[in-house]
Amino acid sequence: MARAVTNNRKIINTAAAWAVGLLIFFPILWTILTSFKTEATAIADPPVFLAFDWTLENYTAVMERSNYAKFLWNSIIIAGGSTILGIIIAVPAAWSMAFVPSKRTKDILLWMLSTKMLPAVGVLYPIYLICIQLGILDSRVALVIILMLMNLPIIVWMLYTYFKEIPGEILEAARMDGASLKEEILYVLTPMAIPGIASTLLLNFILAWNEAFWTLNLTAANAAPLTAFIASYSSPEGLFFAKLSAASTMAIAPILILGWFSQKQLVSGLTFGAVK
Amino acid sequence: MSFTKTLYAATAMALVTAGGAFAENLVIATVNNGDMIRMQGLTQDFTDKTGHTVEWVTLEENVLRQRVTTDIAAKGGSFDIMTIGMYEAPIWAANEWLVPLDDLSAEYDADDILPAMKGGLSYEGTMYAAPFYGESSMIMYRTDLMEKAGMEMPEAPTWTFIREAAAAMTDRDNDINGICLRGKAGWGEGGAFITAMSNSFGARWFDEEWNAQFDTQPWKDTLEFYVGMMNESGPTGYATNGFNENLNLFQQGKCGMWIDATVAASFVTNPNDSEVADSVGFALAPDNGLGKRSNWLWAWALAIPAGTQKEAAAKEFIEWSTSKSYIELVAENEGWANVPPGARTSLYENPNYKEVPFAQMTLDSILSADPNNPTVDPVPYVGIQFAAIPEFAGIATEVSQEFSAVYAGQQSIDEALEKAQALTNDAMEAAGYR
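Sequence order for the protein chains is U and D. For reference, each letter of the first sequence is one residue, going 1 to 276 in our numbering. For reference, each letter of the second sequence is one residue, going 277 to 710 in our numbering.
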């Protein structure tokens, strides 16, 4: 039975949610505001919130110095490619674990997750050497493969969780109607799991977009994505916070817009199966 | 096809092929600082002169170090030119990772490079990296506050004077700290400062048998003096202040004195960024009467990784970017105050540059630094704020973390020195020095 919720409680809950939301969003808001300040205003003490002379000079300087479109295109290819490749591999894997589990399925799932516990820097040198040997250092192909492998455990786990919510009887019925394995996964399972797959896609796209270890260490002039674009404005010897903020805003803007438009799918996917 | 047409076609093909062979695209890894960014803006001049194009990979200093070290050790070949510092140059040269720069043209005039810079970027007498700009450290102080305190800054002050002046300039009610110094953990941040300071107190990192020396009195004296002075006259939270934090404080008029990189002089005297631009004076970094001052020596230099396929073009770029004519190009476009300092002797003989207020003090600071004899007692290493051995960066980062914990009041000086002694000796033993 649904619990009666008083008006006061609703107000408190709403206020708390807004407070937490604003707290989380504040660093992003501050970055955006700083990007419109001069370097001197950016470091002013006490900090200036809104009452400053807004300027676009940082954006102009960043656009003059860097080839933003190239970094953006690399980010789209690397994040998009690794996510799609990951989904293609993870859907059959998650299907087998959810619907034809073996005695070792749980162990395999845990083992997959345990690979995320290894610090990335521990395998930097071997992976660097492999990339040199294969001739794919500073290429988008290398990053698509590596980021896919890095995020694969999360993709499989998420899809496994969604697939477990789908009644096996429906797939059985499809099989009785003569559907092959491929048809069962493509035409029955996948459409039913669309919200889950969509949220997995989005989350992994965001993870790949923001990944800043491999993308900085395996790229130079050709495949560098927006993480390298931001890093190029960070300096321990000189105050360039306003330009750094402009570069950061330009780097997060596409993903922020994507997240804004797809927030419904993202939230419904992430909370799928959370309440029973 | 007639003979003439065939000849034309062959000539055209030969020209295209020759053009392709000479015009290279160079990939250069560099740091994000004012001088390097300025160079990126002027690269077209190089392309116009040589036909070579340039792609820049700009990274934050620590990321750059990790990135280029991985690439050069693995022979990745991602870069044709790398920006490296005085610490890396001799170590990488010893590993045969760099192309020697011993055949630069006569027009380049390698003898014009300041001897301290050339020495620090050489290995066994051969230069392996060309200095783009060099720096030492010096005192930057507020002339108005010094006057108000009724004191006068000598050109070469002692630490005792600095401590007294700092106390006299401190005005807590108006948020003015007498002195701002680096305390942030990291071998290139607080670690660099305290090491340079310790030299003037007679301390050293190692004795001639590579034994750590943190259990000696000069190190204790250094830390006691630093902590005492900073607690009296430094800003709150100085344990986490590095170059940028202190620059910010100084530019906003919250520091009476700041001892740091000479390159900061152009920032604090720039009226667009600094509220105190018109009242900044300069002096040599302090000493303690033991014959060694507490200034360091550093250069950002350009080097060519061994194995690059574009060595000739890379050398052309290095000649262009570290030449006298490049300095003139910057002066023409950005003014003399913005030319890369500290690399060439001729710059300091230029009457236009002599008018820049911090020029002479920068040169004096650089000239007073001797990386081959950095300490009062003899040491087996080269380097002032570092020891040019591969293990130093890791050890010094850990040691500086222990020192920062002292500045933050989390442990005593004795505890920190004891830990520093143990961890340094352990690391040196593991590396086979002892």
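To be clear, the hints were calculated from the coordinates, so they are not data collected in a lab. Keep in mind that this is a model prediction, so the values were computed, not measured. Backbone N, C-alpha and C fix where the C-beta goes; we use that ideal spot for every residue, glycine too. Misleading hints may appear alongside valid ones.
As the list claims (entries may be wrong) - Okay, the calculated beta carbon distance ranges per label pair:
1) D/GLN316 x U/GLY135: 23 to 33 Å
2) U/ALA44 x D/GLN316: 23 to 33 Å
3) U/LYS70 x D/ASP388: 50 to 60 Å
4) D/ASN614 x U/PRO27: 30 to 40 Å
5) D/SER555 x U/ALA44: 17 to 27 Å
6) D/THR516 x U/ILE130: 47 to 57 Å
Hint check results:
no.: 1; hint: D/GLN316 x U/GLY135: 23 to 33 Å; result: holds (29 Å)
no.: 2; hint: U/ALA44 x D/GLN316: 23 to 33 Å; result: holds (28 Å)
no.: 3; hint: U/LYS70 x D/ASP388: 50 to 60 Å; result: violated (38 Å)
no.: 4; hint: D/ASN614 x U/PRO27: 30 to 40 Å; result: holds (33 Å)
no.: 5; hint: D/SER555 x U/ALA44: 17 to 27 Å; result: holds (19 Å)
no.: 6; hint: D/THR516 x U/ILE130: 47 to 57 Å; result: violated (39 Å)
When the structure is compared with the earlier hints, violations turn up for hints 3, 6 and for no others.
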